[in-house]
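Chains as they are written, first to last, in my numbering: chain A, 34 to 1008; chain B, 6 to 99.
Derived by calculation from the structure, the hints in this document are not laboratory data.
Hints may contain errors.
As the list claims (entries may be wrong) - Derived contacts from chain A toward chain B, CB cut-off under 10 Å, selection only:
(1) Arg312
(2) Asp719
(3) Arg750
(4) Ile835
(5) Glu837
To be verified - So the derived label-pair ranges between C-beta atoms look like this:
(6) B/Leu16 with A/Glu786: 42 to 52 Å
(7) A/Asn959 with B/Thr23: 14 to 24 Å
(8) A/Pro265 with B/Leu16: 23 to 33 Å
(9) B/Glu85 with A/Gln633: 50 to 60 Å
(10) A/Gly986 with B/Ile60: 55 to 65 Å
(11) B/Leu16 with A/Val624: 28 to 38 Å
(12) B/Thr23 with A/Arg960: 56 to 66 Å
(13) A/Leu294 with B/Asp55: 48 to 58 Å
(14) B/Asp55 with A/Gly551: 33 to 43 Å
(15) B/Tyr24 with A/Gly451: 21 to 31 Å
(16) A/Gln633 with B/Ile60: 36 to 46 Å
(17) B/Tyr24 with A/Val624: 24 to 34 Å
(18) B/Ile60 with A/Gly405: 51 to 61 Å
(19) A/Ile141 with B/Asp55: 39 to 49 Å
The structure displayed is predicted, hence computed values, not measured ones.
Where a beta carbon is used, it is the ideal one built from N, C-alpha and C, also for glycine.
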Amino acid sequence: MNRRLPDGGRIDRTQPVRFRFNGKEYGGFLGDTLASALLANGVLLVARSFKYHRPRGIWSAGAEEPNALVTVGTGARREPNTRATTVEIYDGLVANSQNAWPSVGFDIGAINNLLSRFFSAGFYYKTFMWPGARGWRIYEHFIRRAAGMGKVAKTADPDRYERIEAFCDLLIVGSGPAGIAAAQTAARSGVRVILVDENAEHGGSIARGAIDHASELREWASGALAELAGLPDVTVLSRCTAFGYYDGNVLGLVERVSDHLAAAEEGMPRQRHWIVRARQVVLATGAIERPLLFANNDLPGIMSASAAHCYLSEFAVCPGGEVVIYTNNDSAYSTALAFAPHASVTLVDTRAEPAPKLLAACRRADVIVRTGAVIRRAIGSRRVRAVAIENYANIGCDLLLTAGGWTPTIALHSQAGGRPVYAAESQCFLPGVARESWVAAGACNGAFDTPTCLEQGRFAATRAIEAIGVTPATIVIPACTTRGDMIPGPQPVPHGKCFVDMQNDVTTDDLDLASREGYRSAELLKRYTTLGMGTDQGKTSNVNALSLLAKSRSESVPDIGVTTFRPPYTAVTMGAIAGRKQGRHILPTRVTPLHNWNEQHGALMSDAGLWKRALAYPRGDENRQAAAIREAAHVRSAVGTCDVSTLGKIDIQGPDAKEFLERLYVNRWSNIKPGKARYGVMLQDDGFVFDDGTTSCLDENHYFMTTTTDRAEPVLRNIEYLLQVVWPQLRVHVCDMTDQWAGIAVAGPRSRESLQPLFADAITSLPFMGVVDVSYGGQTVRVVRISFSGELGYEVYAPSGIGEELVQELYLKNDSPGIAPYGLDAMDILRIEKGHVTGAEIDGNRTLADLGLARMARSDNRFLGAAMMKRPGLVDDRRPQLVGLEPLDPAQAISAGSHLVVESRPREPSASLGEISSACFSPALNRHIGLGFLRGGEGLHDSIVYAANPLGGTHIAVRVVSPHFFDDKGERLRG
Amino acid sequence: MIRIPCPHCGLRDHSEFTYLGDATVSRPPDDDAGDWTSGSRWSHYLYARDNPRGIHEEFWHHGWGCRAWLVVTRNTATHEVIDSKLAREREVQS
Chain A
34 MNRRLPDGGR IDRTQPVRFR FNGKEYGGFL GDTLASALLA NGVLLVARSF
84 KYHRPRGIWS AGAEEPNALV TVGTGARREP NTRATTVEIY DGLVANSQNA
134 WPSVGFDIGA INNLLSRFFS AGFYYKTFMW PGARGWRIYE HFIRRAAGMG
184 KVAKTADPDR YERIEAFCDL LIVGSGPAGI AAAQTAARSG VRVILVDENA
234 EHGGSIARGA IDHASELREW ASGALAELAG LPDVTVLSRC TAFGYYDGNV
284 LGLVERVSDH LAAAEEGMPR QRHWIVRARQ VVLATGAIER PLLFANNDLP
334 GIMSASAAHC YLSEFAVCPG GEVVIYTNND SAYSTALAFA PHASVTLVDT
384 RAEPAPKLLA ACRRADVIVR TGAVIRRAIG SRRVRAVAIE NYANIGCDLL
434 LTAGGWTPTI ALHSQAGGRP VYAAESQCFL PGVARESWVA AGACNGAFDT
484 PTCLEQGRFA ATRAIEAIGV TPATIVIPAC TTRGDMIPGP QPVPHGKCFV
534 DMQNDVTTDD LDLASREGYR SAELLKRYTT LGMGTDQGKT SNVNALSLLA
584 KSRSESVPDI GVTTFRPPYT AVTMGAIAGR KQGRHILPTR VTPLHNWNEQ
634 HGALMSDAGL WKRALAYPRG DENRQAAAIR EAAHVRSAVG TCDVSTLGKI
684 DIQGPDAKEF LERLYVNRWS NIKPGKARYG VMLQDDGFVF DDGTTSCLDE
734 NHYFMTTTTD RAEPVLRNIE YLLQVVWPQL RVHVCDMTDQ WAGIAVAGPR
784 SRESLQPLFA DAITSLPFMG VVDVSYGGQT VRVVRISFSG ELGYEVYAPS
834 GIGEELVQEL YLKNDSPGIA PYGLDAMDIL RIEKGHVTGA EIDGNRTLAD
884 LGLARMARSD NRFLGAAMMK RPGLVDDRRP QLVGLEPLDP AQAISAGSHL
934 VVESRPREPS ASLGEISSAC FSPALNRHIG LGFLRGGEGL HDSIVYAANP
984 LGGTHIAVRV VSPHFFDDKG ERLRG
Chain B
6 MIRIPCPHCG LRDHSEFTYL GDATVSRPPD DDAGDWTSGS RWSHYLYARD
56 NPRGIHEEFW HHGWGCRAWL VVTRNTATHE VIDSKLARER EVQS
């Protein structure tokens, strides 16, 4: 049935649009929302409710919509739970009902409606807990399926989103009469203004029809908006929702840039996430019309009076021919008069004596008025057919409009303010005390008539501008009159199955039951009944629920409580929050100076924090493990190079540098001489090991520290803390050099001769743990003779800019098979063979003794962590200690993470005595080996324990050995 | 979305900083040998932290800026940042 009027409305009749809803093609016009286009086509039933699968239609004409949730788009662009009332149609739009099978017209799930007496408040909690603790886990899957809220796309979102940081003097949220008056005042005062509105059309109530003096106000608003658009310091955004108000007067906005277009233009994002830091904010967010409650108040064909008025005047859609309007205030009278030329209209007013002026106007327009009347029940099955009115005959109707008064939209105010204040006279909550720099104006501030809204908008901007220190300009606001008394009469006490929260199917019975069961606080009641917890966050239901409870307990509404508002005001797409931070742009990538060289040599890369590190350099069809084993063996037999540029490097200078190292590390530094390097271990304040590394003494007052890759930043931060906060009297300066130096480990029996062509004699006589700065191509290169692999080895540090050149030269001067790169995996094998610890062992829960390093600590206690390392729990000899582990079967692999137990039978309960921290296949020993922590491990060498890995299904006998598997006297590295 | 005035860098977004904790507790000397008991100064310093409501002094590190450690005076109830100074310029501990 065509419900479109022959003329009128702001739709563009020259631009017809075709779209599909539930598989059927419909027509509309540019400017239509999905809701207005469906109503124009006579489609009333658009959704099924969440719990009972009851038929539902369109309730509102805006963001508060509880019923008409649809899935828009297909494939990767499918978006569930969008509101048909805010979706603008375009050619080719595809939308579908959710929560219904096989179709929205015939939905099997509607059986729940017949069973509804079993689905009372707290139903899930009461029923699905059996049997015992596992109950919910058994049922959850089925319940989630039956009560789905639409399905998300499972493939990556193909659209582009942007994020913008903006700054302004005054942000105005809402471009209704108050917002526009505020914006004009601010713009003329010369401050930077951003004006945003969630709707496609600016104007608020002016653009929604339900207003007197509409044409004068429209003219004023369009003039003001045109003036604003022409000013360089003013930004006006439509389709832009302010969803969150955060500390520091920062608001999050989401602008739907191209959602309303069939195809985004070149370079146009789908949505834009604005982060606006405003010096002052005017919140002119308007108000939402509340439902009146009666049985079956959720039938399709029942909607808010203001929404119907909007569809009639803005979209030229008259959704019904026999209209009943149910009201408790004056706002519905203009709606009745607007519908009168297009339909038969009956007005049912709960008040005994509405203003005579209004009654006279109704008489003139042939609108029948029933005063002092209460609707008890709507009649109909899949749409409203009639209403039952107390003490009157039933009235047939195909459209039932309700006007239950206005609920100020105070979500943003509450996010950045004190508790909302209940205005008993207006029966609504008004904004509390501002905690951030905002001023409220208009309907959200309890001003329900246009003249006051305009005045408040001007006043709010004036106050905000004065607070900035600018002289406010004055504007002339248009003359208009008030629309009547918007203060609602009392809500009649509802009977029967009345839906308070239509989205979550919470009825008056549910609230009664919860109340009888003792759920008295508003917050508890909300969670128990799920009232207000849908995607609409109870925009149409919260106030009604609170006043019902207050009435049933004979308490006042504020005594019942207020629910808390949290961001976001309406749902925000994850894509908009992520913006361009997708894939590799989520975090910055750090590459070493040798990254290109590594890639050219076939390195298999992995992420280590932000770093890209070479794991192995497979040759031909070699896999990762085979490559690592070959590389490790090559280091032991010839010479290999490894990119160690990721190590933290800190330059330390100053007269007290040595004293500082002495306090920082547990071992002795006072006797270190220039030209020597030393291994050091540092503790956390709590006595656990923090990090280890090598520090070189370049000069009496100049040191070069290396840290592990993982701890580079925490160690530097701690050093800065110690020097700035704890020991500011120490004359020491530090500088992070991590990115300034490329680091290359050169290890293997032939490492010395491989370096000689580059550095000649400078390194020939370099002793073990010696350090020397040599000149290479006019630049300083630092060579430290040090070994992590247990072989004769050097770490060469070159300025980042020449790192790659130096490695190329090294390979050029050494015949290629003789020198080969090794990656992180091979380095791991080499250090496990030597029993050296890394981050796998130094995990923040190990003491020096746990790691076999107890002898390193000085006895003077003058180092970080000295006091706490002596706590009983940390010196307990039953603590797990570092051990080597060898599977009895040398070919049997063991895995890190396995627990060590004495129980030989798999899957038998057994206490864990520790765990394996690192494991590998050792080419030097031709067997699998591992390092781990075992209770009393040092005394258990040669005994057998079991490596239990129930996840992997293995239970492997291992022998406990010394962690130093290979060359434990260290003869090779001193060679 | 609070901003912290850094004495070196000016008013900067809090995302450039790392929070460390209470700046009003005094750190015991490191050579407080053997002072590990549960009521000891070290145990108290490490594990017994208050969670005050209202105006509070905290350490913040400007890691994505000048790398200075600051003592920031902040209202924990409102997140209002009242003052900041360089930790180095506090009274020096022995």
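Next on the checklist: Name the hints, by number, that the structure is in violation of.
Outcome noted: 1, 4, 5, 6, 7, 12, 16 and 19
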